[in-house]
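Required output: the full structure, derived from the provided sequences and hints.
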Amino acid sequence: MTTETELEGQIAEWRRYMLRRKGVEQADVDELEDHLRGRVADLAETGLREDEAFLIAVKRMGSVDEVSREFAREHSDRLWKQLVLTGDPDSPVDAARRGDLLAMVVCAAAAALGMKLPALFGLEWEGDQIFYARNLSLFALVPLAGYFAWRRRVGPRTAGSLAALFALGALGANVYGLDEDSQSIVLSAIHLPLALWLVVGVAYAGGEWRSAQKRMDFIRFTGEWFIYLVLIGLGGGVLTGFTFGVFAAVGVDAEPFVTGWLLPCGGVAAVVVAAWLVEAKQSVIENMAPVLTRVFTPLFALTLAAVLVAVAVTTNAIDVERDMLILFDLLLVVVLGLVLYSISARDPLARPGPFDWMQLALVVSALLIDVLVLIAITGRITEFGFTPNKSAALGENLILFVNLAWTAWLYVSIIKGRKRFSTLERWQTDYVPVYAAWAWIVVLAFPPVFAFA
Amino acid sequence: MRIAKDLVAASSTPLVLGILAEEESYGYAILKEVSDRSGGQLEWTEGLLYPLLHRLERTGHVESSWRTPEGGRRRKYYRITEEGRRELAEQRRQWAAVSEALQDIWKATRSASPAIRPALEG
Chain B
187 MTTETELEGQ IAEWRRYMLR RKGVEQADVD ELEDHLRGRV ADLAETGLRE
237 DEAFLIAVKR MGSVDEVSRE FAREHSDRLW KQLVLTGDPD SPVDAARRGD
287 LLAMVVCAAA AALGMKLPAL FGLEWEGDQI FYARNLSLFA LVPLAGYFAW
337 RRRVGPRTAG SLAALFALGA LGANVYGLDE DSQSIVLSAI HLPLALWLVV
387 GVAYAGGEWR SAQKRMDFIR FTGEWFIYLV LIGLGGGVLT GFTFGVFAAV
437 GVDAEPFVTG WLLPCGGVAA VVVAAWLVEA KQSVIENMAP VLTRVFTPLF
487 ALTLAAVLVA VAVTTNAIDV ERDMLILFDL LLVVVLGLVL YSISARDPLA
537 RPGPFDWMQL ALVVSALLID VLVLIAITGR ITEFGFTPNK SAALGENLIL
587 FVNLAWTAWL YVSIIKGRKR FSTLERWQTD YVPVYAAWAW IVVLAFPPVF
637 AFA
Chain D
4 MRIAKDLVAA SSTPLVLGIL AEEESYGYAI LKEVSDRSGG QLEWTEGLLY
54 PLLHRLERTG HVESSWRTPE GGRRRKYYRI TEEGRRELAE QRRQWAAVSE
104 ALQDIWKATR SASPAIRPAL EG
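Chains B and D, in that order, give the protein sequences. Count the first sequence with the numbering used here and you get residues 187 to 639, in order. Count the second sequence with the numbering used here and you get residues 4 to 125, in order.
Don't take each hint at face value.
For lysine-lysine, the following DSS-like pairs were computed, each having C-alpha atoms within a straight-line distance of at most 30 Å [claimed, not checked]:
hint	chain 1	residue 1	chain 2	residue 2
1	B	Lys208	D	Lys110
2	D	Lys79	B	Lys467
3	B	Lys245	D	Lys8
4	D	Lys79	D	Lys110
5	B	Lys208	D	Lys79
6	D	Lys35	B	Lys208
7	D	Lys79	B	Lys245
8	D	Lys35	B	Lys245
Partner residues aside, some chain D positions facing chain B, computed with beta carbon under 7 Å [what the hints assert, rightly or not]:
hint	residue
9	Lys8
10	Gly30
11	Gly50
12	Pro54
13	His57
To give an idea of the interface, some chain D residues facing chain B are shown, with a C-beta separation under 7 Å as derived from the structure [said to hold, decoys possible]:
hint	residue
14	Ser38
15	Asp39
16	Arg70
17	Lys79
18	Arg82
19	Trp109
Treat the hints as calculated values from the structure; they're not laboratory data. By construction, the Cβ of each residue, glycine as well, lies at the ideal position given by its N, Cα and C atoms.
In structure tokens form, the structure reads like this:
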């Protein structure tokens, strides 16, 4: 009995090892396993113990590298890893995949329908843009959180917290009677998605949002999801263009359908579809975000350094009009993103190399620019007093400044070999709740504090 | 004696098709059959056999199906197709030609006669 389970364990181990090879697929490993078992049985008949027979059978099969190379030569198409969406109906892996596909379709459909739900109450996509601007993130992210809650089989407590947080978001978005052109309404429309995105993170982590690893996984997911969403968006743009053109050619005006249905419903459904794609391809296709990070980190570092040189040469102060504030905040977010995604893909045990220097240069130049922006903002605030926009910008700059400053310090320590890379990873994942807290403050506390300005 | 790699590769297709022409079979059984028929001279690796079977399947010379025999495990069986039989016949003609030519030449050049090796193994 023990030898039998031992053999099963060994075979399972061998399968895992085999499956990691390029060009070898599930069905091939099934076939090879059958082969292995046949040989083990034959060898056992000659008087060998099963574990000995296993060793010999594996040895006879030849080196795994060689076998998988032969497979790859025959199936060169497999080196281009494909997302297989329909496969062998018998295998349990495919059954799970189909279940997941079903969940995605249900959630995407729910998102698309949910988007049209307010129309039943007379709120039209075209006419009530303010309502939709405030609630768009709810329409898009509730189904997404639902998808993850289903996929991760979250417990009732987590499900309850998720529902409560989304209800809080809905409350924050709609309870304050804000003017259409107030600053607070714009701020709420920007910050609520961020707050709710991190709630999606709780669902993504299956409720284990305290785990640093899960947080890092969610950061990785976010990058990939964004890339997939952009790709789907590009495809959707092409589809929209053709819809317009082709219907115009036959004399039908497609605009009501496109703007009333295709764009809003397709958009929120794409949010779920992109998430599903990321989940499905997770282990199949290499992550894109770290690749883009590699390409753009040096370029951004150069650009920021050039900006600093320009500021030093011309001695012009940074102009902090509203658009500029947003621009600089976005710049810091991009830098943070570059840092995050290079962290997410870096081997924590690798020795510090030139790329780490590049990162440090990027972070330091971003910090210097941030200081200039902070000086400009505080100047404006002392001159004209606090407004929601300036306060939000100030808060964001401070939060990013603290993060980047400590990141720079950690990078210096890591490059000097005094600290391990994992401390930086840990710092970034520990910092995530700060963003959540700030986003919720802006959504919930800013309107009353600034008298709904 | 080790049979040269090229020769093993060249003979693999007709061997598999020939074995499958008798009856449908699965990977391990084919491997054993090849070994038996050649008196142990031809020892194929799995890295040779399975990619070959998959290629023959892709080119339509054989077809496969997963089946679970009574009380056994899932297993992939291969069966020769009509096209495979045609290919086998063609290969047979080619091999016969090669073999005939070789036989002719062996007869003419006595010096190259294979010294029968003493059976070391077994």
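Hint check: 7 Å Cβ-Cβ cutoff, Asp39/D to chain B: violated (12 Å)
Given the hinted pair Lys208/B and Lys110/D, is their Cα-Cα distance within 30 Å? Given that 30 Å is the threshold and the Cα spacing comes to 49 Å, the pair is violated.
Restraint: Arg82/D near chain B, CB-CB cut 7 Å. Satisfied or not? violated (15 Å)
Does the CB of Trp109/D sit less than 7 Å away from some CB of chain B? Nearest chain B Cβ about 33 Å off; hint violated.
Distance restraint between Lys79/D and Lys245/B, which requires alpha-carbon spacing of 30 Å or less: holds (22 Å)
Holds or violated: are the alpha carbons of Lys35/D and Lys208/B at most 30 Å from each other? Holds: Lys35/D and Lys208/B sit about 27 Å apart, inside 30 Å.
Is the interface hint for Gly30/D satisfied, with its Cβ closer than 7 Å to some Cβ of chain B? Cβ of Gly30/D sits 5 Å from chain B, so the hint holds.
Can Lys79/D be said to touch chain B, with a Cβ gap under 7 Å? holds (5 Å)
Close enough to count: is the Cβ of Gly50/D nearer than 7 Å to one in chain B? Holds. Min distance 4 Å.
For a C-alpha distance cap of 30 Å, please report whether Lys79/D and Lys110/D respect it. Answer violated: Lys79/D to Lys110/D is near 44 Å, above 30 Å.
Does Arg70/D meet its interface restraint, that is, does its C-beta lie within less than 7 Å of any C-beta in chain B? violated (11 Å)
Within a Cα-Cα threshold of 30 Å, do Lys35/D and Lys245/B meet the stated pairing? Roughly 16 Å separates the two Cα atoms, so the pair holds.
Consistency with the previously given hints fails for numbers 1, 4, 9, 14, 15, 16, 18, 19, ordered from lowest to highest.
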